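> Sequence:
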Amino acid sequence: MKKIIRIFFEELWSFYQYIFLFIPGRFGHYTRGYFLSFFFKKRGKNITIKENVEIYHPENLIIGNNSGFGRNNIIDCTGCITIGNHVRLGPNVMIATMNHATIGNSYIDNKKTIKKVIIMDNVWIGHNVTILPGVTINSNCIIAAGSVVTKDVPPNSTVAGIPAKIINKK
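Numbering-wise (UniProt numbering), the sequence shown opens with residue 1 and increments by one.
Each statement offered as a hint is correct.
With a straight-line Cα cutoff of 27 Å, these simulated DSS-like cross-link-like pairs (lysine-lysine) come out:
#: 1; residue 1: K2; residue 2: K42
#: 2; residue 1: K151; residue 2: K42
#: 3; residue 1: K151; residue 2: K169
#: 4; residue 1: K112; residue 2: K151
#: 5; residue 1: K3; residue 2: K112
#: 6; residue 1: K41; residue 2: K151
#: 7; residue 1: K116; residue 2: K151
#: 8; residue 1: K111; residue 2: K151
#: 9; residue 1: K41; residue 2: K112
#: 10; residue 1: K170; residue 2: K151
#: 11; residue 1: K2; residue 2: K112
#: 12; residue 1: K45; residue 2: K116
#: 13; residue 1: K116; residue 2: K42
#: 14; residue 1: K41; residue 2: K2
#: 15; residue 1: K50; residue 2: K116
#: 16; residue 1: K116; residue 2: K169
#: 17; residue 1: K115; residue 2: K42
#: 18; residue 1: K115; residue 2: K50
#: 19; residue 1: K151; residue 2: K165
#: 20; residue 1: K116; residue 2: K165
#: 21; residue 1: K112; residue 2: K42
The hints are simulated quantities; they were obtained by calculation from the structure and are not laboratory data. Every value quoted in this text rests on a predicted model; they were computed, and no experiment measured them.
Given only the sequences and the hints, what does the whole structure look like? Please build it.
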């Protein structure tokens, strides 16, 4: 019975997300933020979600006040994602909470690793950033465009590169 309920919830989420996916302009950003956030584990106020944002397992997403997703974000909440207040994600950001190995085994037989991602308050994440499972980005940080964040980012830091390294500390 649990599996049937889970499948129903996933299908309802997919349908609901599709309905709101391409509403244009600011009206669309706030409409998506309002209606889609009812599926989140916990939600703050004034959430914006721009066009074509894909959120997997929204029931594992906690998001604070005045935070938002940019266009074409892919947000995998399988392992839980916590996003603080005043966090902005640029376009094409990908946050992963699940990983699997593919070398030497078939994809189906692989053991999956699931870890949560935490993004604290006042964080700005640039265009085309990838955040990998198990990462904590502390408060008051900037993640430069094109970075791949593989480990925790200390507070008041700017990181850039592949893998992301500290380039400035306030």
